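One-letter residues, chain by chain:
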Amino acid sequence: MLMQILVTGLLQGVIYALIGLGLFLVFNVMRVVNFAHGYFVLIGMYGLLWIAPTSLPSYLVAAMGVALFAATFGYVIERWLLEFTLHKPGHAQLVITISLGIAMQYFFQIKFPEPYQTIANPWPFSSVEILGVSVNSGRLMAAVISLALTVLISWVVYRTSLGQNLRACSQSLPGAVHVGINFPRVYRGTFAFGAAIAAIAGALLIPFQPVSPHFGLDLTIKAFIIVVIGGVASIWGTVLAGLILGLAEAAGSTFVSGSLTSSVIYLLFLLVILVRPQGLIVRKADFA
Amino acid sequence: MLEVAEVAKSFGGLRVLTDVSFTAPAGEVTALIGPNGAGKSTLVNLISGYLQPNAGRIQLDGEELTSRPAAKVFKMGVSRTFQVTGNTAELNVFECVAMAAYRQSKDFSTVNRIAEEQLRAFGLWRYRTRRLGDIPTAMVRVVDFARGMASNPKLLLLDEVMAGLTPAEVDVVIDQVRACRDTGVAIVMIEHVLQAVTALADSVVVLNNGQIIATGSMQDVSRSEEVRAAYLGRAATT
Amino acid sequence: MTTLKALRNTTPRQTINTLIVVASMIGAIVFPWVVDPALVGVGFIALIYAMRNFTWNIAGGLVGLLSLAHVAGFGIGAFTVAILTWGHGVNVWLAILVGMLLSGLVGIVVSSIMSRFGVNAFFFALGTAALSLAVSGIAASWSLTGEVDGLQNHTSGEGLLHLQWFLDPKPLYYVALILLVVIVCFTMWLTSRTRFGRSLPFIREDPDMAASMGIDVVRNQALTMGLSMALTAIPGSLIAQYTSFVSYESVLTLEIGILMMVGAIIGGSSTLAGPIVAGIGIAALEEGLRAFDVTSSSVSSITQIIYAAIVILILRLGADGIVPMWNALLDRLFPSREHHEVEPELESNDKEPAHA
Chain A
1 MLMQILVTGL LQGVIYALIG LGLFLVFNVM RVVNFAHGYF VLIGMYGLLW
51 IAPTSLPSYL VAAMGVALFA ATFGYVIERW LLEFTLHKPG HAQLVITISL
101 GIAMQYFFQI KFPEPYQTIA NPWPFSSVEI LGVSVNSGRL MAAVISLALT
151 VLISWVVYRT SLGQNLRACS QSLPGAVHVG INFPRVYRGT FAFGAAIAAI
201 AGALLIPFQP VSPHFGLDLT IKAFIIVVIG GVASIWGTVL AGLILGLAEA
251 AGSTFVSGSL TSSVIYLLFL LVILVRPQGL IVRKADFA
Chain B
1 MLEVAEVAKS FGGLRVLTDV SFTAPAGEVT ALIGPNGAGK STLVNLISGY
51 LQPNAGRIQL DGEELTSRPA AKVFKMGVSR TFQVTGNTAE LNVFECVAMA
101 AYRQSKDFST VNRIAEEQLR AFGLWRYRTR RLGDIPTAMV RVVDFARGMA
151 SNPKLLLLDE VMAGLTPAEV DVVIDQVRAC RDTGVAIVMI EHVLQAVTAL
201 ADSVVVLNNG QIIATGSMQD VSRSEEVRAA YLGRAATT
Chain C
1 MTTLKALRNT TPRQTINTLI VVASMIGAIV FPWVVDPALV GVGFIALIYA
51 MRNFTWNIAG GLVGLLSLAH VAGFGIGAFT VAILTWGHGV NVWLAILVGM
101 LLSGLVGIVV SSIMSRFGVN AFFFALGTAA LSLAVSGIAA SWSLTGEVDG
151 LQNHTSGEGL LHLQWFLDPK PLYYVALILL VVIVCFTMWL TSRTRFGRSL
201 PFIREDPDMA ASMGIDVVRN QALTMGLSMA LTAIPGSLIA QYTSFVSYES
251 VLTLEIGILM MVGAIIGGSS TLAGPIVAGI GIAALEEGLR AFDVTSSSVS
301 SITQIIYAAI VILILRLGAD GIVPMWNALL DRLFPSREHH EVEPELESND
351 KEPAHA
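Chains as they are written, first to last, in UniProt numbering: chain A, 1 to 288; chain B, 1 to 238; chain C, 1 to 356.
Keep in mind that the hints are not guaranteed to be accurate.
To be verified - Computed beta-carbon distance windows for the label pairs:
# : chain 1 : residue 1 : chain 2 : residue 2 : range
1 : A       : P174      : B       : A55       : 32 to 42 Å
2 : B       : A179      : A       : N182      : 49 to 59 Å
3 : C       : P171      : A       : P115      : 35 to 45 Å
4 : C       : E255      : B       : D61       : 51 to 61 Å
5 : B       : R130      : A       : W236      : 47 to 57 Å
6 : B       : G164      : C       : A328      : 53 to 63 Å
These are computed hints drawn from the structure, not numbers from a lab.
Keep in mind it's a predicted model, so treat the numbers as computed, not measured.
Here a beta-carbon is modelled for each residue, glycine too, at the ideal position from N, C-alpha and C.
Based on the sequences and whatever the hints tell you, model everything.
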């Protein structure tokens with residue numbers, strides 16, 4: 001029982017971490033609170049559902065394809081709908097991203113009326129035994145790839161000049177402008193990148209996770225939970241928070257019904273917001 | 001009477017005010033002058049309950065104002081104007097003044113009558129239906145003054161209400177300050193318009209680098225070498 | 001009273017808008033008698049949407065609390081009627097009152113806690129969204145609320161006392177209309193005649209300045225949130241009586257909460273009329289789409305997409321919503337004479353002796 005919780009929780013948690021990471025970057029670099037983030041995951045899920053790859057190579061190509069599409073979509077959204085709200089008071093940003101999410105949700109609802117579909121498992125094996133727990137190959141590979149991507153992203157952020165630009169914009173925008181960083185481009189790039197990561201996570205989820213349009217909202221809130229709990233100090237806080245969420249969900253669903261588990265998680269999240277509202281907004285130490 | 005005793009305030013490591021003490025008697029105008037960054041606005045924020053001092057006490061007619069929230073300070077009789085009114089563009093002129101009048105009465109028509117009197121007295125009646133964002137910025141501060149008066153305060157804090165007014169408008173406001181003073185209100189004004197300071201101030205408090213460097217009548221302080229060096233020498237050119 | 005008269009200088013815009021309000025009131029009253037009986041239900045739904053948006057806007061527009069907790073209030077209103085009246089035979093009007101009290105209490109508590117911890121607008125939205133999701137999850141797994149299957153109305157009482165008519169939708173339509181008018185009149189009275197109501201714009205625009213004008217910001221925010229959510233329970237109760245069925249999916253999804261917010265903003269959250277206009281608009285839109293022979297499940301999806309697109313467009317263009325845009329148009333077409341009238345007054349004013 002315990003092993004079951006531990007294994008499924010951690011595997012799910014790694015994917016959550018990847019989803020949270022996209023939101024974390026967007027928030028930290030741009031100060032944009034993106035309520036549509038979870039719907040970018042749906043782009044990946046429904047994208048693959050629509051392409052319906054039958055072999056491993058076609059699956060991988062399709063995953064790259066949806067990521068590219070999501071990046072383009074994110075770029076356009078940032079350019080046309082969000083750029084004008086930056087550094088401006090008011091709630092336009094919040095309402096725009098929420099509405100965008102809702103529009104996407106109902107678009108998927110119309111386009112894919114059949115709920116809870118998955119694609120055929122693209123991996124050449126069906127399940128493996130880990131620590132006495134049988135794990136679906138899709139779930140395992142999704143976790144492995146998510147972990148690899150997380151490490152790759154943190155390497156980019158902390159070790160490359162591209163990442164240096166991101167961190168500069170995050171720490172002090174005037175400073176970044178001063179040293180000649182073209183911040184609108186960094187912003188667009190970051191948002192596109194965040195969307196692409198989300199879509200990849202979606203592509204990894206779809207072989208074993210039946211999809212439904214209302215997942216977008218759930219995933220958005222979950223991504224926020226991760227970012228708020230993880231704090232803004234470093235990428236690793238986000239990753240850790242993702243794992244905690246995965247474990248909490250696995251533990252919860254073992255003991256009580258699914259919807260009650262999420263209720264408990266949401267209430268805990270409310271508590272976190274109250275106890276440390278500075279988590280998202282005021283930065284003690286930037287991710288440096 | 002307002003009594004400020006040994007008040008100190010710092011933000012992080014930055015000391016903005018050190019050991020500031022002065023009194024502003026009822027029925028007199030006390031002008032608070034000093035170069036930019038001297039800590040005048042911080043002092044006003046401390047008195048009005050916006051900020052809390054790190055040390056010292058502030059009392060009004062013997063009642064403690066220190067560590068009271070802004071709403072409470074207002075109810076005790078302290079009214080203030082604002083230097084920056086950036087995000088209040090949507091507010092209605094009449095409502096601004098009427099809201100403050102609720103300190104005097106709970107009655108709807110009384111409150112409106114007080115607001116009307118004040119707006120007429122300040123020559124603002126023609127703006128009554130406008131939004132603050134639609135009237136000249138200089139006039140927004142006069143609305144603020146009228147708002148302060150409508151609450152029938154014991155102490156009125158005027159934060160640069162004359163900036164940007166034409167000399168004729170300054171005269172109207174000067175008349176209003178006098179009328180207000182004569183009703184026994186203690187007035188503390190931060191002011192750069194020397195015409196107004198000379199005409200109105202019963203006493204002057206000069207702040208520099210967060211400390212009081214001189215107090216007294218306008219003539220007294222303008223004779224002080226330290227004040228000349230710190231303030232008047234530069235202000236005379238502006 | 002002279003003050004009031006002087007304030008009420010009627011501009012052409014006010015005259016036109018008053019005429020529109022009177023015309024639409026007459027229209028709303030005769031509506032059930034001149035249209036096809038099937039459309040009376042559409043009218044009822046339109047009133048519910050209008051009421052939902054309007055009551056959201058009391059907190060969202062007047063005080064600027066971007067709340068997503070209101071759907072919890074809507075759901076509480078529906079479920080209270082379902083549990084108390086359908087399940088335990090309590091009079092429906094009493095149940096509605098209980099629902100309002102519960103919902104209002106949630107609003108007051110949420111707002112107080114959020115202010116206590118100094119939560120900003122984004123966190124307010126996020127936190128209230130989490131609350132609604134939590135409440136929704138509880139409703140979906142609690143036997144009292146019928147779990148995922150929901151609750152059915154099997155009561156047989158008919159008439160105003162039972163707020164139930166089996167064949168004719170007209171009475172329920174009029175009940176909704178009267179309640180909407182009462183709520184609107186109450187809000188108008190509150191915002192124009194009471195100190196509490198008049199303080200709300202100050203809290204929205206600048207809480208710090210409001211505090212220095214003697215306004216108890218935290219208390220007034222909490223009371224507004226409570227009032228707003230209590231009133232949101234009313235359309236929840238009415239829709240429950242109308243459909244005779246309540247489940248977490250029909251009244252407690254976060255999407256409904258978002259729609260309230262979006263609807264109020266589309267109509268113009270700075271105005272009282274805006275949220276109502278938008279509510280009636282979306283009901284008309286839904287009905288219009290049905291006429292195009294779209295399948296019923298797609299109708300609501302398409303309207304939601306259109307709704308979202310409109311709000312994004314309005315925000316992108318920097319506009320304030322339909323009603324403010326309409327007002328600006330009227331002002332441009334019929335410039336007010338106000339400026340010419342008041343110039344002489346200025347001169348007489350300056351000569352007046354300073355008031356003592």
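Going down the list of hints, with the structure as the test:
In this structure the hint that A/P174 and B/A55 lie 32 to 42 Å apart at CB holds, the actual value being about 34 Å. Checked against the given bound of 49 to 59 Å, the beta carbons of B/A179 and A/N182, roughly 58 Å apart, stay inside it. The hint said 35 to 45 Å for the Cβ distance between C/P171 and A/P115, and at roughly 38 Å that hint holds. A C-beta distance of roughly 57 Å is found between C/E255 and B/D61, which places it inside the suggested range of 51 to 61 Å.
For B/R130 and A/W236, the Cβ-Cβ distance of about 55 Å falls inside the hinted range of 47 to 57 Å, so the restraint holds. Restraint check, B/G164 to C/A328: a C-beta distance of roughly 28 Å breaks the suggested window 53 to 63 Å.
In this structure, the one hint that does not hold is number 6.
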